[in-house]
Structure formats: structure tokens, C-alpha cells
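Trainee: Fit chain Z to the supplied structure of chain W, relying on the hints for placement.
Number of protein chains: 2
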Amino acid sequence: MKIGIVGLGLIGGSLGLDLRSQGHEVLGVSRQERTCKIAVARGAVDDAGVDLKFLADTDAIFICTPLAHLYTTVTQLIPYLSLNTVLTDVGSVKNSVVQAISPVWKNFVGGHPMSGTAESGIEAAQHGLFAQNPYVLTPTETTPLGAIALIESLIKPLQVRLYHCSPADHDRAVAWISHLPVMVSASLIAACTSESDSSALKLAQMLASSGFRDTSRVGGGNPELGVMMAQYNTVEVLRSLSVYRDKLDQIIGTIEQEDWSALEEILQQSQRDRPKFVE
Amino acid sequence: MKIGIVGLGLIGGSLGLDLRSQGHEVLGVSRQERTCKIAVARGAVDDAGVDLKFLADTDAIFICTPLAHLYTTVTQLIPYLSLNTVLTDVGSVKNSVVQAISPVWKNFVGGHPMSGTAESGIEAAQHGLFAQNPYVLTPTETTPLGAIALIESLIKPLQVRLYHCSPADHDRAVAWISHLPVMVSASLIAACTSESDSSALKLAQMLASSGFRDTSRVGGGNPELGVMMAQYNTVEVLRSLSVYRDKLDQIIGTIEQEDWSALEEILQQSQRDRPKFVE
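Read top to bottom, the protein sequences are chains W and Z. Heads up: the first sequence begins at 1 in the numbering used here, then just goes up one per residue. Heads up: the second sequence begins at 1 in the numbering used here, then just goes up one per residue.
Derived from the structure by calculation, the hints contain no laboratory data. It is possible that part of the hints are untrue.
Note that identical chains are pooled: a pair holds if it fits in a single copy or bridges any two copies.
[Claimed, not checked] The list that follows gives simulated cross-link-like pairs (lysine-lysine, DSS-like), each with its CA atoms no further than 30 Å apart:
id	residue 1	residue 2
1	202	276
2	37	276
3	2	202
4	156	202
5	37	106
6	2	53
None of the values given here were measured: they were computed from a predicted structure.
The following block holds chain W by itself, in its conformation from the complex (with noise of 0.2 Å):
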């Protein structure tokens, strides 16, 4: 098949390392000229361009932008395509993708490759980034069948954990276990560093370990992404915030009444809850 993938980062780079491993042409198109020219050294597209233009014969386009790019680029390409191409995106977010692409293109299936490494950039990107992950994808029930039907038959060969959901229920579940974490874990960094005694400021820095490297590795990580979870997961994202708050104020409360018990108890059930989540 003649692939496109527009955005040529760790994800783009990596999606067309793979897809060409399972013997498909694959196009790409960067901004950069310069990016251009390291993902066809690196193998990660057979020829790429800067202009949109150059995906005008594709059958399936990955679209690889940030988030805020999407869909001015899918209302760019479009001029181009024909009406039997399919459109997917790799946003973190799908809600609002989701509602705004699909009148403007029906062969849109929105998609959400949970795979990452600390690094981004078209250096970063590797072969079988996506294998045991999940990948996500969120048809609605105007998606074409045979739109779905053809995405998966280009992922399914990554060896990807393949989940269908609304992009609603997808929205709501990242908001739990990826976008709250970073704010949750953003804040503890923020109240350690705000510790007026120096003394006991340079010893925490001094004692820090495994669990406080932990608990604040999400917090301090890329601050874009963290908006941009915030910015277009708001309604999931402060609805699970005020939950958050709810149950920290829970425990807050256990010790202030010295209520140790209720404490051990909340705990107990963290420790039985958390397996469910992760081994």
C-alpha cells in the first residue's frame, strides 16, 4: 500500500520504520527540509517533501502533528486526496479531533498509539516503538467500516494491543492514568521546591531517591505535552482533578484527626486497587 505520514517526529519516524518493514510504500512530509532528509537516511520513509502535495496518491495518511496542527493540516490536504483515502491521526486526545475532522472528512479514524520514549524527533524514532503498547482507535458510528477495517489492517502487523473506544471513553480513561498523574505529580514537585527552609530544602535534595524520582518523573516531563493535555482534555482533566482533591482531602483529613485506622484503611486499599491498574 502507498502510505502517507505528515509530521516526521518519534512517532511518524517510527510508524514508517515499521510500515515499511511490512513492505508498504511510505511517503512522509516534514516542515523542515532538514528533517526531510534524516528520515530517509534513517529509513524511515522511502522519499519525503515539505509539501503537503507530495501525499496526493496515497491510500492511508498517518497525520503526526501536535495536536494544535491537526486540523488545519487535514483541511490543507484535502485539496489533494482522493475521496477513498483514509485519514488517522496519533493525538493523545480525541474528543475534540474527533468532532472536528469528521465533517470535513469522512475516511477519518481517529488513533491513539500509547508508545513513547523520554526522547521526541525524527532521532528518536525506532522499530517496534509501538510493539505490546496499546493503540487505540476511536471510530464513531458514521465511520466507515472500510475505513476502520483498513487502519487496522497497518497496525495490526506492529503487534499493537489493538482497543476500540468512543473518543469520549477514551478521553475520560487518559484523563486518569495520563494527563491527572502529570498534574499530580507536577505538584509535588512544586510544593518540595517551595520549602522556605533551606536547611531542610538541601537535605530533601540531598535524601531524595526512588520514590520521590518516582512520584515526580511524569511532573517533570515535557511542559508542552502537560498543556496540551490540559488544553484539549479540560472537562476530564479538572473533573478528575476534583476527585483527586476529594480523596487527598480524605486523607488529609485521617490525619489531622489522628484517625489512623481510617488511614490504614484507605491505604490497604490503594495497595489492593493498584494491581488492577499495573502488575
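Mentor: Just chain Z, lined up with the frame of chain W:
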């Protein structure tokens, strides 16, 4: 030197293994006969018994019982000790411990080896557990210098990163980097689990990966340890939680007001500040 260890769990057992490697004679006391036998069989102690009298003749004793039993253990040991015997503990909270024990035993040095594994008990004891990890001593103005020097001479060869600070500074620092993260992380698990939309909850459980895993790790840990942190370090834990809630509310405020540049500033600051605590 002849060294006693009361409490043959992960910490007591690992101290025994390392101290014997340094050529010391190590005697252990556990309330359970079975634990004594395992400790001897594993080489964590030269000999072990269930009676504190067993340690009558030692130069230094590491008290490795849970915090709740520290003070009682000391008072029960006193009848058997020579006045020169140096006592130290390994409790993860220091202010209340030092305030309780110092008046009843002059040669006492508060200590906190900040090493651990997910497992506990004598079976989990291991050589080199303390190497490259912080070991905090919390002497006060009245702690005899000879007592401090003796404990240092025992733990320095274990390749620990040795720190000295006041008991109060210790408790404030560990509230930030150890106790607060547990409450923050447990609240996250409690919040996610409370989702009443069952399809979103199920999806969240399937999609949770490294971000959720890391942020929830310490909140899903040993409930008794979490309670103990709050119970013995109440003032500092509540103080850190109060600051944390303010920082969380700041983030919630920026999202409610859709003030994305303010949110980005907070997240950029978190990204800059985290490396001051951990690499």
C-alpha cells in the same frame, strides 16, 4: 567489636550480613525463634536468641524494630547494658524517637539508613544493601561525641553516603521526599478507582502504563509503613500536604481559567526543579 541487633528483618538482617563481613561479632535478638534460626543459617548473625539479655555484653546495639516498639525495647534493654554501650536505631522518623530515648539512655545516636527493597523480612536481607545509599545520623547537642564516632566507625565501611542533621531537619526533609509522595500517590489510586463510569474505568485499567505505574508505585506500597509515617511525623506530613494542596489548587486554577501560559510556566518550573532532587 561485639555488636547486637534487635529485630532481624530486612534492615537488621542486612546490617548483620555487612557487619560480620567487616569482622565484627554480631548477636541478634528476634521475638520469633524461627527468625533467629534463619538469621543464623543465612549468616546474618553469629548467634541469635529471643531474650534481650542475650545482648548484655555488646559494645553497640542497632535497634531495628518497628517505630512503635523502639522505646519499649530500649527500656527493656537497659537493665542488661553497661553504661558504655552505644545504642542506635534505624527508624524512618527521628524527632519523636530521639526525644523519647535520649533522656533514658545517654549513649544513643538516632539513625536512618535510607535503603530498602520491595520485600521485607529476614529472607530479603542482603549484602551491600546500604552501599551508595544515604545513612542519616541525627545526634543532638547532648549526644556524646564518642558515641557518634563509634556508630560512624561501624557504618562508614559499608560505603554509605553519611549525613548528619538535626532530628527536626531530618523529619522535615523526609516528609517532602518520602512521606508526602506516599499520600499523593495513594490519593491518585483512590481517585482513579472511584470512577463510576464503568466502561471508562475498565478502559483506564487496560491502558494504564509506565506513567501511571511510576506515579502510583509508592501509594500502592505497605499500608502500615504509610500509617507509621503519618503517625510519627504528623506535623511535618500535614505541613507538606497543606503546601501540596495549594500547589495543586494553583494548577487547577490555571486550567479552570484556561490560562495556558500560566500552566506552562508551572510545568516548565517543575521540569527545571526536578533534577535538583534526582537525576
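Trainee: Check residue 202 against residue 276 for me: Cα-Cα at most 30 Å, and say if that holds within a copy, between copies, both or neither.
Mentor: Result: close only across copies, 9 Å inter versus 37 Å intra.
Trainee: With identical chains treated as interchangeable, where does the CA-CA distance between residue 37 and residue 106 reach 30 Å or less: within a copy, between copies, both, or neither?
Mentor: neither (32 Å within a copy, 73 Å between copies)
Trainee: Is it within, between, both or neither when you check residue 156 against residue 202 at 30 Å Cα-Cα?
Mentor: For residue 156 and residue 202, the Cα distance is within 30 Å only across copies (22 Å; inside one copy 50 Å).
Trainee: Under a CA distance limit of 30 Å, which applies to residue 37 and residue 276: within one copy, between copies, both, or neither?
Mentor: neither (44 Å within a copy, 37 Å between copies)
Trainee: Checking an output row: residue 2 and residue 53, CA cutoff 30 Å. Within, between, both or neither?
Mentor: within (14 Å within a copy, 82 Å between copies)
Trainee: 30 Å Cα cut-off: does residue 2 pair with residue 202 within a copy, between copies, both or neither?
Mentor: Neither. Shortest intra-copy (57 Å) and inter-copy (36 Å) distances fail the 30 Å Cα cut-off.
The structure fails hints 2, 3 and 5 (numbered hints given earlier, in ascending order).
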